[in-house]
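Chain by chain, the residues run as shown.
There are 2 protein chains.
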Amino acid sequence: MRRWNGWGDDQFNLELPKEGQRFLDERVGSAVPLADVSLEQVCAQVPDSRLPPNPACIGAAEDRVRHARGQSLADWLAMRSGDFGVFPDGVAYPESSLDVQALLQYAEENDVALIPYGGGTSVAGHINPVDGDQPVLTVDMGRMNRLIDLDRESQIATFGAGTPGPLVESQLRALGYTLGHFPQSFELSTIGGWVASRSSGQQSLRYGRIEQLFAGGRIETLKGTLDIPTIPASSAGPDIREMILGSEGRIGLITEVKVRVTPLPAHESFHVMFFPSWDKARTACRKLVQNRTQLSMLRLSNATETETQLALAGHPGMIGLLESYLGLRGAKDGKCMMTFGVTGSKRQCRNALTETRELCREFGGIYTGKKLGEKWAAKRFTMPYLREALWKLGYAVDTLETATDWDNVDKLLNQIEENLRNQLNEKKELVHVFTHLSHFYTQGCSLYTTYVFRVADSYEETLARWQTLKTSTSGIIVNNRGTISHQHGVGKDHAPFLPVEKGELGMLAIGSLCQTFDPAGLMNPQTLVQK
Amino acid sequence: MRRWNGWGDDQFNLELPKEGQRFLDERVGSAVPLADVSLEQVCAQVPDSRLPPNPACIGAAEDRVRHARGQSLADWLAMRSGDFGVFPDGVAYPESSLDVQALLQYAEENDVALIPYGGGTSVAGHINPVDGDQPVLTVDMGRMNRLIDLDRESQIATFGAGTPGPLVESQLRALGYTLGHFPQSFELSTIGGWVASRSSGQQSLRYGRIEQLFAGGRIETLKGTLDIPTIPASSAGPDIREMILGSEGRIGLITEVKVRVTPLPAHESFHVMFFPSWDKARTACRKLVQNRTQLSMLRLSNATETETQLALAGHPGMIGLLESYLGLRGAKDGKCMMTFGVTGSKRQCRNALTETRELCREFGGIYTGKKLGEKWAAKRFTMPYLREALWKLGYAVDTLETATDWDNVDKLLNQIEENLRNQLNEKKELVHVFTHLSHFYTQGCSLYTTYVFRVADSYEETLARWQTLKTSTSGIIVNNRGTISHQHGVGKDHAPFLPVEKGELGMLAIGSLCQTFDPAGLMNPQTLVQK
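Top to bottom, those sequences are chains R and H.
In terms of our numbering, the first sequence has 343 at position 343, counting the first letter as 1, and numbering is strictly consecutive.
In terms of our numbering, the second sequence has 78 at position 78, counting the first letter as 1, and numbering is strictly consecutive.
If we strip away everything but chain R, and leave its shape as in the complex, we get (with noise of 0.2 Å):
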């Protein structure tokens, strides 16, 4: 069954090795763990719905309880403490465009607020209700998941909103397809969800982001129903698509989404390269996007991350023996991971295995082969449930993400990084710090950094260190240069750093057209935009 105060299957549970354990101990220091109410302690505390009858909302405690929070780690916190705050007023579950035309029309009539939920598995704040004298209605898309038709020679699937990653994927799979849109939260996220907030997969590089498998399809809005149709590219004005995407509920429901799939690659594989200095890798990397090599994913981990991977990774006996290897290769202390894809027709896989290796050579790259590879393949998804396991150790982990051009890579990098790592100094806390970079463009790449650091004596402690070091590090990002999300959304946590990014006049243009479709703030309020 879902977790209920965390990430995924409870019935999963990954284990920190021994050296795991030592490494973090080393760095962080020793830690211990914070105490978890219980659901029936939580459920308890909801307090009366406030909505006006209706058969369509469900206001059950546990309802209520499981669709109050996301995934960012100050909602981990609040399911952990029972600390949350605000409930919404009941959980409705439609199963089809008309049911949630009702419940908008409902919403309109009664000034219902209404939160949009897919997977529920925002780390920035989007589907948690806010304070406030309008009762809050949230809109769980769960029961929305089929494939509904699937045009073979345009490649088009249109999809129930609610459908989460694995029926996306089982649902084309069994017809020969594949959407090959795989963001780190896939196992829970909704392809709703996707299009709302931006999202982008760990194979970007072949598919695309949401943005370029967007096709069209329908948004329930409070002024009607909104039908993209599906059309190749067109230069007719401004993309309507392009309004929905990041709308983050503020203009409408999702209820069909049109997507462009692609049959089974005859092909795929995954490889891991190092490089002796992250200059190099970085370079290599860079170079590599910029020719157009027909990669499909591609991952560069910085020296800290390499060393914590290799370190989580267990297995002491075979790493060692790989970094032995790769000593005598010349990539010692310093060196970075490169990890990458390729996918499609046996030769567009050759060629483009070759043309890396030929390129990253020129850099000092040390190619291992597809061991590495194959057992990132395998873990792919797995990373979240790591927050469960150092949770228990009495660590608290986070993780922060942009991106920006490639000549502000760096300068960026080292800003976010040195941010965190100073500032719990005055606290006497160290926090563990290590970045990747992984979606890639000619013009740049994102940046994506995880901090790790041991929880206080408190919950409110722990999540007021937290508040600092989110807070400062999104101001460092904002103010220069880089995007306050490439892949995560604004929800209500990024929502005040919006406007430097956007300026005053994008904000004017987002505002007005949110203000367009919702005039009365019934639309997930405080998402996006901060009124």
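Derived from the structure by calculation, the hints contain no laboratory data.
Just so it is clear, the structure is predicted and the values come from calculations on it, not from any experiment.
In this text, a Cβ means the ideal position worked out from N, Cα and C, and glycines have one as well.
Some clues are possibly wrong.
[Unchecked claim] Under 10 Å between C-beta atoms, here's a sample of chain H residues computed to sit facing chain R: (1) Phe12; (2) Arg206; (3) Ala215; (4) Thr304; (5) Thr442.
Once you have looked at the hints, place chain H on chain R.
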């Protein structure tokens, strides 16, 4: 010097070979040209300017004549007959964003309508002034034509918005780079115009549409300056770039454009393949693009276009030999010509060529080498001059274009061609119609239809015939899953058809955006949105 009443440089004339004349005579009948008016005659008609005095605004008749019309067939007929209707009241030639700001202030203070003018190549009435009480000032961006900055690491170039195609490429090529954006209008159209009208270039398979190339820039609006920062990709809400792309002057005047550039490729070549039938040819093209073969350019002429191109090429001896060879290989009547390009590293080009030849062989493709491809490349920007040559023989020529999903390509193509072919039946006039597919996506492609008919014995009747052809076909396009424009934009000519494509709520979104930035209706009124 630039032709005042037609396309391009008046020193360049394309002659239609005898065989071409004979071909048209057979298909449409022999024709009698209409007489042209002179520039002096038109200048003499220009009324007094209604603009309040401003030294930045030139009221000279010739400037106003030269900025009154674009390049649609209706524009052509106006320029040749002298029946212009409306002239702008003046033309400004700003040299900086500050100049543009001053013009905006002047327009706001004096209720003056502003029309942004790039290369004046619109074929949809973007830059035509409309009749009304507001004085109209055309803002010619042509003096802002420099490469301002090149970031080699991030591969981003910054240009003045008025930079025309040849100056974009020559300034970049001097530094070893290319933008790779080659619309048919390349010789005259500008980088700002490409953004404002969402254009697409002949090598969009490699370089992408302008949407993929436009990285950010500066737009001067009545509400202030909108600076769009360059960020490789972002999930931070709706993308402001996408609101400017296709905004056609309704939001503001683009003054600076930042684009994603590429180092000059090591290799580039163009090739031609013939297919025995349309069905096989179209399927091969679809498979090539769905297979993600690294082509840079692809164009497929249907049987009538193939026949027409071979007839109009001249060189009957050489063409005769080619046709004999193709006939022996099984491609006779109904054969279709596919032109394709490969661009990139030598390995990429070699692989793409091999993949293409292998795949096409399955569909009866007959590869004829580089000769015809090189010819296409040499003449790629001269096609618009053909209108002048045909006009002198008494023929009017125009094009229509759209894009649709693969499952609808044939149906829509037949509807378009049939409608054009039969539209003048009552007048007992023949229309020669042919089509090519020229921008390919996994989901579908663009359809580009050319039609030739005889001019009538008056300009009025010729215009009326064109209106019948254009209006009826535009209606067919939007009512049958086509976009009203894949690459020419909306302007005033396509604006009546946009609501069918975008729907009521799509128009609400676009309209509210325009309204937000331009409540007084000064910015290119009646373009894009009819109000």
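Honestly, which of those hints from before does the structure not fit?
As far as the earlier hints go, 1 and 4 are violated by this structure, in ascending order.
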